[in-house]
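Chemist: Please model the complete structure; the sequences and the hints are all you need to start from.
Number of protein chains: 2
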Amino acid sequence: MPSNRPRGRRPGGANTRAEIVDAALRLFSTEGYDKVSLRQIAREADVDPALVHHYFENKAELFTLAVIAVPVEDPSEAVQRILEAPRDQLGERAVDVVMATFERPGAGQRFIALLRAAMNSGAPTNPLSEFLAREILAKVADAQGHPDAARRGQLAMMLFIGYVMARDIMAFPALVKQRRTEMVTQLGKAMQAFLVDPW
Amino acid sequence: MPSNRPRGRRPGGANTRAEIVDAALRLFSTEGYDKVSLRQIAREADVDPALVHHYFENKAELFTLAVIAVPVEDPSEAVQRILEAPRDQLGERAVDVVMATFERPGAGQRFIALLRAAMNSGAPTNPLSEFLAREILAKVADAQGHPDAARRGQLAMMLFIGYVMARDIMAFPALVKQRRTEMVTQLGKAMQAFLVDPW
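Which chain is which? The protein sequence lines are A and B, in order.
Using the numbering used here, the first residue of the first sequence is number 1, and each one after it goes up by one.
Using the numbering used here, the first residue of the second sequence is number 1001, and each one after it goes up by one.
Hints are computed from structural coordinates only; laboratory data are not their basis.
On the chain A side, residues computed to face chain B include the following (Cβ under 8 Å):
hint, residue
1, Ala118
2, Ala166
3, Ala193
Restraint ranges, calculated between C-beta atoms of paired labels, are given here:
hint, chain 1, residue 1, chain 2, residue 2, range
4, A, Arg180, B, Leu1038, 34 to 40 Å
5, A, Tyr55, B, Pro1105, 48 to 54 Å
6, A, Pro105, B, Lys1177, 33 to 39 Å
7, B, Asp1034, A, Glu77, 40 to 46 Å
8, B, Arg1180, A, Gln89, 28 to 34 Å
9, A, Arg180, B, Arg1081, 33 to 39 Å
10, B, Ala1143, A, Glu31, 42 to 48 Å
11, B, Ala1171, A, Pro173, 27 to 33 Å
12, A, Gln144, B, Arg1081, 29 to 35 Å
13, A, Pro105, B, His1053, 48 to 54 Å
Glycine included, C-beta positions come from ideal geometry on N, C-alpha and C.
Modeler: Put into structure tokens, the structure is as follows:
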């Protein structure tokens, strides 16, 4: 719809916040999480970058509101809750906390829809995977002093992708039947290897 | 094409072997690996079950010929090669041997096509995943005396599914750049947890 206003960045209005969220959703969906900046989102929403900062603390907060679209905890609080576990239980705690993200109403379906989109489109973006790998999992590895924390975060994330594929899409019988506490223990061992232990 | 022969099971002919392979491909593609029996394949191919046994040692051999369609090693030899590794290196060896399956010409693309089909169809069958989980990975866990070897095989398989998704479909940068030897070491740690270590 063409605007009657003269060209130029709009001042903040009643709908500005919602328009920023919409612009963020468009960009995250097409470009992924890592590549998109707050400045680009401001440009997409046709607002001053300062307004984006006025409404949103940072990219992670805007992402959780725009894409996950359910109230999720601040990722830095998730990291904190993981790091409170004893060192030999960090892997299990990370599985517990990240899996809780998929268990929120609608979140699991949304994650699967994103995997399906990645499968079928040429653009292999899954902003939720990038978000969890960077803002939670890599930060846990970084807190252990690992110089390759980014890679460790991506390896840890691929474990969740495989688990969701095998259980929810491919219906591996032993995973469908598995109790959550067992799942947390068993994936936790692999998570410990990816995030905590030396190679 | 209707046959001029009277109804009844056909004797073996020049094309019988190829027809059995075709019937197996149809059944594995629609039913998955685990549920299909040699008897069903004989019925689908309209031949006597003894003929299937005449041409093929077992279901695994028929599967590798029908579905993987490239000469792969006997899965029991793959298991043997894994089990020759020292106990603390079994995970790495399992990654090395199974990953070699995906590296054969055409096999990686075929695996991705099967994942995509599972994503998009209501029937979540990926016969290659079931095959590798049951005939190779679970057998390695079983050789360690684990009573839950079937589940461990499925957990191990989901690690490969996640890895292929994250690297080949979603292009996680750290995985795309990773050298094979590093990948074997790092996935090997998780594989060790799934196949070898106690929970």
